[in-house]
Structures are given as structure tokens and as C-alpha cells.
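Sequences listed follow chains A and B, in order.
The opening position of the first sequence corresponds to residue 74 in our numbering, with each subsequent residue numbered one higher.
The opening position of the second sequence corresponds to residue 1378 in our numbering, with each subsequent residue numbered one higher.
Simulated from the structure, these hints should not be mistaken for laboratory data.
Ideal Cβ placement from N, Cα and C applies to all residues, glycine included.
Careful: at least some of the hints might be erroneous.
DEER-style ranges, computed between Cβ atoms [as the list claims (entries may be wrong)]:
| hint | chain 1 | residue 1 | chain 2 | residue 2 | range |
| --- | --- | --- | --- | --- | --- |
| 1 | A | Ser239 | B | Thr1597 | 27 to 35 Å |
| 2 | A | Lys320 | B | Trp1725 | 32 to 40 Å |
| 3 | A | Asp308 | B | Trp1725 | 52 to 60 Å |
| 4 | A | Ile190 | B | Asn1402 | 27 to 35 Å |
| 5 | B | Gly1521 | A | Lys194 | 37 to 45 Å |
| 6 | A | Val313 | B | Leu1722 | 49 to 57 Å |
| 7 | B | Asn1402 | A | Lys194 | 27 to 35 Å |
| 8 | A | Phe237 | B | Cys1594 | 56 to 64 Å |
| 9 | B | Ile1513 | A | Phe183 | 26 to 34 Å |
| 10 | B | Thr1597 | A | Arg199 | 18 to 26 Å |
Chain A residues, not near chain B, derived (Cβ > 10 Å throughout) [what the hints assert, rightly or not]:
| hint | residue |
| --- | --- |
| 11 | Asp75 |
| 12 | Gly83 |
| 13 | Asp96 |
| 14 | Lys103 |
| 15 | Thr131 |
| 16 | Gly133 |
| 17 | Gly177 |
| 18 | Leu251 |
| 19 | Asp285 |
| 20 | Asn303 |
Residues from chain B that face chain A, not an exhaustive set, calculated with beta carbons under 8 Å [as the list claims (entries may be wrong)]:
| hint | residue |
| --- | --- |
| 21 | Val1420 |
| 22 | Leu1421 |
| 23 | Ala1507 |
| 24 | Tyr1598 |
| 25 | Lys1603 |
| 26 | Tyr1606 |
| 27 | Ser1610 |
| 28 | Asn1611 |
| 29 | Leu1628 |
| 30 | Gly1713 |
| 31 | Ile1714 |
| 32 | Ala1718 |
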Amino acid sequence: MDNIILETRGLTKRYGGVHALEDANFILRKGEHVAVVGDNGAGKSTFVRQITAVEQKTAGQIFFDGKEVNFEGPLQAREAGIETVFQTLALADDLDVPSNLFLGREMFKFRFGPFSILDRKAMRERTLEALKTTAVKIPNVDNPIRNMSGGQRQCVSIARTAAFASKLVIMDEPTAALGVQETAQVENIIRGLKEREVPLILISHNLRQVIDLVDRIVVFRRGRIVASLNKDETDGNDIVSYITGVKGAEAATV
Amino acid sequence: MSQVTHGLGGLKYDPAKRTRPQELNVFVALVLIVATFEILGRVLMGDSFLLNTRDNVDTLFNEQRLQIIVLQVSIVGIIALGVTQVIISGGIDLSSGSIVGATAMIAMSFAQVAMVNGNPNPKAIFGDWAMDLPVIVPLLVGLGCGILAGFVNGALIAYTRIPPFIATLGMMVTARGLSKWWSKGNPISFPTESYAAIGKGMMPVVIFVVLALLFHCIMTYTKYGKHCYAIGSNEQAARMSGINTEHHKVLVYVIAGALAALAAVVLSSKNLTAQAGMGVMYELDAIAMAVIGGVSLQGGRGSILGTCLGALIFGVIISGFTFLKLDAYYQEMVKGIIIVAAVVLDQWRQKGRARG
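Same shape as in the complex, but just chain B (with noise of 0.2 Å):
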């Protein structure tokens, strides 16, 4: 132990009572699940989860379910990005999913086009002036509509100190009415081509992938990651050493909106069409894709790797329920026992370590 460079006095450093990386686990859950769908998969169905088995296509793997795992979890995996930094600053944020829908229908209704098939648009919102807009344009508006909703959160949140469930709680009742508001319930479609650019095929997984690099770098490398773990850890603390700690949540509360927002115009537009609807449970499942993740509810602890392992876990039961031909409802049942046992999971390592 030769390494020991700083370590005297009869407080001796012990390697192996390092804490190992929480990602560790949630990687090693994720093999344990794939393994298992891979051996069920053989046994029942007769057909391997992951490996190609089709004779005229040659990969090794079955391309279509990957692309289908990773693909069904992007948009909310987007969602779960800005949530993790909610919880690990040790909020909570209940008002994605309605910000989803209410974003979706704003900003679709700046990016359709004015003629279908020759026929003026039988969805449109508003008149000529709103029609065949650039497509920067929806896209800042639905940006803007998920900042204030966030802001809205944040600054209630900061300088109410009513507590984050209460606060986004409100935002998601009030922002799901905004959404059926907006259009009285009708579907906003027909938009443009380069609006519905954003959402094709694998973009969702592309701008996912983007934004879980950019934020796992935000989270580890810069201040506003390291004052996010620290008012998570201790507010009072953060407090006394002089973050601004309302200043703070207000703009982890605006990163967490804006990042529906961005969900919203990629879901809007890989289905061409914005409903009052949509997003309904996504806040839970971004919750729970972080909490699988080893993000702990109290917070102070999680990443956003430990987030996008989550995420994959969540679409590898998904489509392994599919892959196994199970109902539909099965899956939110194990669904709902895998959060709880996640969360059941962090609660026993805190007890383990809680002795000091």
C-alpha cells in the first residue's frame, strides 16, 4: 500500500472500503436483465433477445432491437437528463411530462404548412402569417414555453420554499390544461418537412446522445454540476459557503424545462402530429429511469451515466416484454416493482454506509 501518501495518524486507508462507482451496479443489473431475456428468450420463443438470427441479414446482433430499445427510451431519456439534475440538487420535478405536452402543441402550431395536397391545412392554428415558418421558429418557441414553465417551477420553488412537489405539481395540472386549451382537444399536424426532420428515424437517439454528453460533462466538470451535488448534499451548507442557492434552482429548474421542451419538438415531430395528450407519465417514468439509475431521491448523489443506464434498462424490458409477447400490462406492473425496488435498493446502501 505503498500509494498511501496522505494517510497517517491511525486512520488508515483502506482500498478495499473504497466506495465502488454506484454506475457499477446498475451496469451489472442491466447484464443480469439482458441475460435473462437472452435465456427466456431460448427457452419460450425458441429465438435469441439480442443476436441475429435471421439467415440473409449478416450482424451479429439483431440491429432492429437495438435500434428499437435505444430508440423508445431517447425522448424521455431526454426528459430524464434534466430531471437528474432536479433530483440530485434534491428537488423533484413532477411537470415534465404535461411541459411535453403544452410545448408540443405551442410549437407545432408554429411549424405547419399552409397547403396539404393543395388544400389550405385542415389543422391549422393560426392564419397564412404563422404557416411555412422556418423551423427555427417552433423550435424557439417550444424552447422558450419549457424555460418559463421551468422558470415558473424554479422561481416558486427558491422563493416561496414551497416544497418541489407541490410547485411542479401545480405546473403539471396547469400545464396539462394549457395543452387541451390550446387547440380545444383537436390534433395540430402537417408540419413542415424540415420540422419533421428533427424527429426522423434515429435523430431522437442521435439528440439524445448529444445532450447526455453535454450534460454529463455540465454535471462533472463544471461549477453548477459540482453546486448541484453540493445544495443536494447539504442546502445549508451550500448556503453558508455561499452559492446562491435560489439563483441556483431557478436555472436547474429552467435546464430541466427547456429539456422537455427540446422532448416535445422531437417526439411532435417524429409523429407528425401534436395531441393534447401527449406526455402523459413521462415525469414518472424520467423519474424512474434516474432513481434505476442509483440517482438517490434525497439527493446529493447520481450521474447522468448512472441516468442513461437506467434509461437502457428501462427499453430493454420494454421491448423484452414484446420480444417475449407479454401484455402490455404486465410491463407496467414490473414497471412500477422495478422503481420500488430501486428505490428499496438505495434506501439499504444508505444504511450500510450510514455508520460513521
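Okay, chain A solo, but in the shape it has when bound (with noise of 0.2 Å):
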């Protein structure tokens, strides 16, 4: 138990009769990086939303960090050390880099409850330094973030993950949109991350793209856990194998 970062029992969610996620056993130890892949509807998302608490799961247990939890919000998952990029930005178009950083956790030179006088320069100074240890560039960071190409936003929306990432790290398709040059540089902060032994969970569509990052992959077929594979023990074609059902008829446990 010692090692587990994250694991859930038993995990299931249905949406009215339409069962998303059944039954996930899962296991993430300190410091592995995992993928998680499936077709589209497989319940990958589903999954994740249960573990950052932006759904609330219909019966089963996650234990993080030797605890079982019951997060009632995103909020109280990332404040257990829980980071996530979503598959949809979540970030604000007006507002420039630093303060989609520090959206929701800014710093303060003085504290008076909502009027509280944010820390402007320690934030911006901040910024620039997690740009830097995630190698993301940004043309300018004082711009809000409305100007930049989509795949510069998702840099920013990454590089807030990797720098505040404390225990664990949930990226959603983080490269879905992006180009060339820029999904390099998110597979860049991928591996940092695997560097200082933060663990991951990513989902991707991007079977090269997994096998080359992680340590495990994961896979989901119609809302269970089909297989648990170790990156030196398979190949793209034993992974397409079990999304698409040839392999794997029965639910795994991992």
C-alpha cells in the first residue's frame, strides 16, 4: 500500500441507464506514469471525471495517497494534489498567463478576503520560472492568452499543471489539437514530469505516443478495464487488439 498512489475499487458510474464506467479496478504507483486508452465512449473520460470529483461517482472507492477519499468537488481533488488538464481548456481568454497560473490559488501582498491586493510580480516572476522548467515558450506572457495559438494555450494550460503538480497528474488528450512542434514540447513536460517522479495518468488516442512516454498502458473497452499492459511486454497491434475487442472478452483487474 505503501507505493500506491492512487487506486480505485470498484468504480462505476451510469448516467441514467447508460452505464459509463463499470466496475474499475485500478492501480497507480508512486511515480509510474500510466495511459489510459480506448475508443471514443470507452469511459476514459468518465474515469477521470470520477477521480477529480467533477462528476460524483455512483458506487465504488478511491483511495489516494493511502486515504480513501470522497472529494465533493475539482477543487478539493487539486487540493489534495491532484492536477488535471481537461480536454477542454480550462482556461480564461481575457486574462494573461500569469493569472490563468495562478487562477483560483493567486498569491497576495495583503490579505482582506475577496479584496485581498494580489501579488503581481511574485506571480509573473513565478510564471516565467515554470515556463522555464517545463520549456514551454510563450511570445509574451503579459498577453492574454486570447491572442496565442491554440497550442501555445495549451502550453499554458500544461505548464499550470506541471508546476503546481504535487502528487498526481491527470492530462486528458492534452495533445489532441496541437501540431508538430507543439505536441513535442507537451511530450517534452511529460517527461520532466516522469524526471521528478511525478505520477500520470494520460489519456491519449496517440498509440506511438503512448507506448513512447508511459510505463503501463491501461485499456478501456465499453466502460471496463480490459487489460493492464507493461510497455516492454506489447506493441501498437496488441493494444488495438484489446480496444477494438479482439483480445481481452472478459474484464481484467490490474
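Taking the hints as your guide, dock the two standalone chains into a single complex.
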């Protein structure tokens, strides 16, 4: 139990009659990078939304960092140390980069309830630092991110996650909308997380990327986990046959 | 371009592409409008719009006109400050004009003098207990009304999730009804001297400027301001980032209500009377000032400085039309056109930027 950062037991989510996620048993060890793959509607995003408490699970248990947790919302999950890059960008387009990085966790010069005075200089400095460590290149951090390309914005979103990552990072298709160069940047951030031994759950459709980056691949099919494959013991064809249901008709436990 | 310290990797920083501050455009518009009136004045009236032309006074500008320009927009300007932060956070407030009416009636009821020229106050609302109260009483009662109305607005919007347009429209009608019911349509007059001092002379302008500075700082330097922009820009993102958007919205509307109430106190004090019809259309004037000043109705963009410039444009236009001896009808028509033009310009700017 000691080296396990996240475990789910029998995690289930139903939307009305739709079984989006059935009895998911999942283990993530400290420092481990795991990819979650599967076809559209296989339950990958649903799985993540239960862990980050964006939605409330129907049944099952989640253990995080050695304790059972029941987060009431994404904020609690984040406070516990789970940082997430969502599929839809969680950025405010009219704010500049530091404001977005520190949105909801601003630094203050002087505290006075809602009218606390922001420490803009410190936030800007920490932003530049964070961008440096994550190797994200942003032309001008003081511009509203509205004026940036989709890739740059995604990088801001990921830099925000990586910069504050404490115990677990979750990325939901972080490179789906990105160009080649930007994808490479994001992959570098992920490798940086591996070096810092920050555990990661990566949802991706890109099998090349997945095999390249992570230690283990968990396959979802029709709301169930059907396989957990070590990177060294599998290849693209193997994964695809699990995704499409050629292999692993019965649910696997990790 | 040696200042490019953090721009590499093919993503070059082009200073020419930096967004020009919105306020600069508004300021240019203001200057152009003033220049237009100046030229029209010289041509049509043979007189200067802003400069002093009287021999017996030794000043560069026509100070009287300058005073009127700021004085006539200062009270609606106070409301516009509140409306600005509402619009920036993605909402709208149609109730401020009616809150002015209701608050003016209620506050004035606690600001009356007992005796007028040796006779009992003919407009008395309450008995002797409410007469000759210290000025703090009507002030606090007024603020309380505004805060309460704002709280109802905010709570409705945040917790029942009805559109702000509907919630504040309801408050607009309700508060207007309340202000008519309060004294059965009768005006309330004869305030105490200390109450009358609040809006005397140029006091409305002083109050407006102080509040504008305060709210400029709040919107620029505090967490509250930052979260207004964040919520107006992307509410879902704000919520996912852990901002309590419900609490924030309630606070936004409470502050808007409080500012409308303050405007009501200043207005009723300045006029020495409160009437049920006070503040009609003020909500739209306030929204117009914000919009002209570059506050985007889609939320997330704009500033207090912009709204102040918008208010000045408003004041200049009204004064300019009076100066050119044009009928008030034209004023309203032109006002309407300017509001629409400001929004159209805003849309165009958005389109120009939308390319990602």
C-alpha cells in the first residue's frame, strides 16, 4: 500500500441507464506513468472525471495517497494534490498567462477577504520560472491568452498543471489539437514529470506517443478495464486488439 | 528586439501585434467628439465649446461647461461603476435605475426635518421618531436597501441559474413598484441640512471620482477584480480553478446594488426631494457608458477607466447638444446610435482577433 498513490475499487458511473464506467479497479504507483487508452465512449474521460470529482461516482471507492477519499468537487481534489489538464481548456481567454496559471490560487501581498491585494510581480516571476522548467515557450506572458495559438494555450494549461503538480497529474488528451512542434513540447513536459517522479495518468488516442512515454497502458472498452499492459511486453497491434475487442473479452483486474 | 527574454522556438514575439489598450481608442473617440463640437460651435454658433470666450473671466477653459459636463454624468457614473463590474463578470444589471428610485424614497423618509418654516413637515412619511435623524441613518438605510436588492439579484442568478437579464428585469419592475407604493406616488421632500450636503454643488463629482479610483484599484489589483474577469471570460474554467462563482456573483450584484443606492442618496440629496420616477432609464445610461467605454457585453473585457471615459463622452455629447441649441429629442436619438455603434465596433474587434 505504501508505494501506491491512487487506487480505485469497483469504481462505477451510470448516467441514467447508460453504464459509462463499470467496476473499474485501477492502481497507480508512485512515480509511475500510466496511459489510459480506448475507443471513443469507452469510459476513459468518465473514469478521470470520477477521480477528479468533476462528477460524483455512482459506486466504488477511491484511495488516494493511502486514504480513502470522497472529494466533493474538483477543488478538493486539487487541494489534495491531483492536478488535471481537461479536454476542454480550462483557461480564461481574457487573462494573461500569470493570471491563468494562478487562477484560483493567487499569491497575495495583503490579505483582506475577496479584496486581497494580488502580488502580481511574484506571480509573474513564478510563471516565468514555471515556463522555464517546463520548457514552454510563450512570446509574451503579459498578453491575454486569447491572442495565442491553440498550441500555446494548451501549453499554458499544461504548464499550469506541471508547475503545481504535487502528487498526481492527469492529462486528458493533451495533444489532441496540437501541431507537431507543440506536441513535442508537451511530450517534453511529460518526460520532465517522469524525471521529477510525479505520477501521471495520460489519456491519449496516440498509441505511438503512449508507448513512447509511459510505463504501463490500461485499456478501456465499453466502460470496463480490459487490459493492463507493460510497455515492454506489448506493441501497437496488441493494444489495438484489446481496444477493438479482439482480445480480452472478459474484464481484467490490474 | 532584445527584450524577448522568453520567446523562442519559432514563436516570435512581435511588438506590433501587441494589443493596443482599449481605453486609448475610447480616449481618441472622446477627443474627436470634443473637436467636432468645437468646430461646429465655431462655425454655427460663433462660439467656442470648451475654451473661455468671455472677457470678464480670466481662465483658459469654459469652466462652467466643464463642470456641467462632469456633474451631469457623475450620478449615473456611480451606477456605471457597479454595472461595469457586473458586465465584466459576464452579467447584466437592468435594475439599477429602479433601485435608485426605491432607495431614494426610502432613504429620504429617514432624512426629513420635523419643522418647515415653523410648521410640521407637510411631506412627512413617518412620525416624529423619524425626524431630524443624524445623516448616518438615511445613508445606512439607503445602502441597506441597495445591498438587499443586489443580494436578491445575485442570489437568484447564482443559485436558480436564471439569466441575469431576467432576474434583474424582475427586480427592475418590482423596485419601481415599491418606489411608487412607498408614499403612494407622493414626492418626499425637506431633508435635513446634513443630508442635503451630500449632493451639494460639486460633491457628486467628488464622490464619483473617489469611488472610480477605489473601483479601479479593486478591479486591477485585487483577487475580486481578477475573478470578475475570469468568470466573465470563461465561467467553467473559473469554477474548475476553484473559484466559488456563486459567492462571487452574489457579491458582484451586492456591490452594484450598493453603488446604485449611493447614487440614489446623492441624487435625492442634490434634488432635495425623492420621487417615485427617479432613476428611470438610468440603468440603460449606465450600461451605455460602460459599453461606450469598451466594456464588452460578452464579459471578460473592459475597465473602470474605460467606463469613466465613456461617461465623459456621454457628458460631452449632452452638453454639446445643449450648446448647439439642438432639441433634447436629437440627443436621445444620437445617444441610441452611439450605443449601437459602440457594440458594433466591439464585435468587429472581436472578429479581428478571433483568428486563433
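Structure-based check of each hint:
Our hint of 27 to 35 Å for Ser239 (chain A) and Thr1597 (chain B) holds, since their Cβ atoms are close to 31 Å apart. Roughly 56 Å separates the CB atoms of Lys320 (chain A) and Trp1725 (chain B), a value that falls outside the hinted 32 to 40 Å. A hinted range of 52 to 60 Å for the beta carbons of Asp308 (chain A) and Trp1725 (chain B) is consistent with their spacing of about 53 Å. Checked against the hint of 27 to 35 Å, the pair Ile190 (chain A) and Asn1402 (chain B) passes, with Cβ atoms roughly 29 Å apart.
About 39 Å separates the C-beta atoms of Gly1521 (chain B) and Lys194 (chain A), a value consistent with the hinted range of 37 to 45 Å. Val313 (chain A) and Leu1722 (chain B) have their C-beta atoms about 53 Å apart, which keeps the hinted 49 to 57 Å range intact. About 28 Å separates the C-beta atoms of Asn1402 (chain B) and Lys194 (chain A), a value consistent with the hinted range of 27 to 35 Å. Distance hint for Phe237 (chain A) and Cys1594 (chain B): a CB-CB separation of about 28 Å, inconsistent with the stated range 56 to 64 Å.
In this structure the supplied range 26 to 34 Å holds for Ile1513 (chain B) paired with Phe183 (chain A), their Cβ-Cβ distance being about 28 Å. In this structure the hint that Thr1597 (chain B) and Arg199 (chain A) lie 18 to 26 Å apart at CB holds, the actual value being about 20 Å. No beta-carbon of chain B comes within 10 Å of the beta-carbon of Asp75 (chain A); the shortest separation is about 30 Å. With 10 Å as the threshold on Cβ separation, the claim that Gly83 (chain A) sits away from chain B holds: the shortest Cβ distance comes to roughly 27 Å.
With 10 Å as the threshold on Cβ separation, the claim that Asp96 (chain A) sits away from chain B holds: the shortest Cβ distance comes to roughly 27 Å. No beta-carbon of chain B comes within 10 Å of the beta-carbon of Lys103 (chain A); the shortest separation is about 25 Å. At roughly 22 Å from the closest C-beta of chain B, the C-beta of Thr131 (chain A) stays outside 10 Å, upholding its exclusion from the interface. Every CB of chain B is more than 10 Å from the CB of Gly133 (chain A) (nearest about 23 Å), matching its label as outside the interface.
Distance check on Gly177 (chain A): its Cβ comes as close as 3 Å (rounded) to a Cβ of chain B, failing to clear the 10 Å threshold; non-interface status is violated. At the 10 Å boundary, the C-beta of Leu251 (chain A) stays outside the reach of chain B, the nearest C-beta of that chain being 12 Å off. Consistency note on Asp285 (chain A): stated as away from chain B, and its beta-carbon is indeed over 10 Å from all of that chain's, at 20 Å minimum. Distance check for Asn303 (chain A) against chain B: the nearest CB is about 33 Å away, which clears 10 Å, and the non-interface claim stands.
Given the 8 Å rule on beta carbons, the hint for Val1420 (chain B) is violated: about 43 Å separates it from the nearest Cβ of chain A. This hint is violated: Leu1421 (chain B) has a C-beta 43 Å from the nearest C-beta of chain A, more than the 8 Å allowed. With 8 Å as the threshold, the beta carbon of Ala1507 (chain B) stays out of range of chain A, its nearest partner Cβ sitting at about 34 Å, so the hint is violated. Of the supplied interface hints, the one on Tyr1598 (chain B) holds, with its beta-carbon coming within about 5 Å of a beta-carbon of chain A, less than 8 Å.
Hint status for Lys1603 (chain B): holds, given a least beta-carbon distance of 6 Å to chain A, under 8 Å. With 8 Å as the threshold, the beta carbon of Tyr1606 (chain B) comes within range of chain A, its nearest partner Cβ sitting at about 6 Å, so the hint holds. Annotation: Ser1610 (chain B) was flagged as interfacial toward chain A, and the flag holds, the nearest CB pair being 4 Å apart, inside 8 Å. A least Cβ separation of about 5 Å between Asn1611 (chain B) and chain A falls short of the 8 Å threshold, and the interface hint therefore holds.
The closest approach between the C-beta of Leu1628 (chain B) and any C-beta of chain A is roughly 6 Å, which is under the 8 Å cut-off, so the hint is satisfied. At a threshold of 8 Å, the smallest CB-CB gap from Gly1713 (chain B) to chain A is about 28 Å, leaving the interface hint violated. Interface restraint check: Ile1714 (chain B) against chain A, minimum CB-CB distance 28 Å, threshold 8 Å, status violated. Violation of the interface hint for Ala1718 (chain B) is found here, the shortest Cβ-Cβ separation to chain A being roughly 23 Å, above the 8 Å cut-off.
The structure fails to meet hints 2, 8, 17, 21, 22, 23, 30, 31, 32 from the earlier list, while all remaining hints are met.
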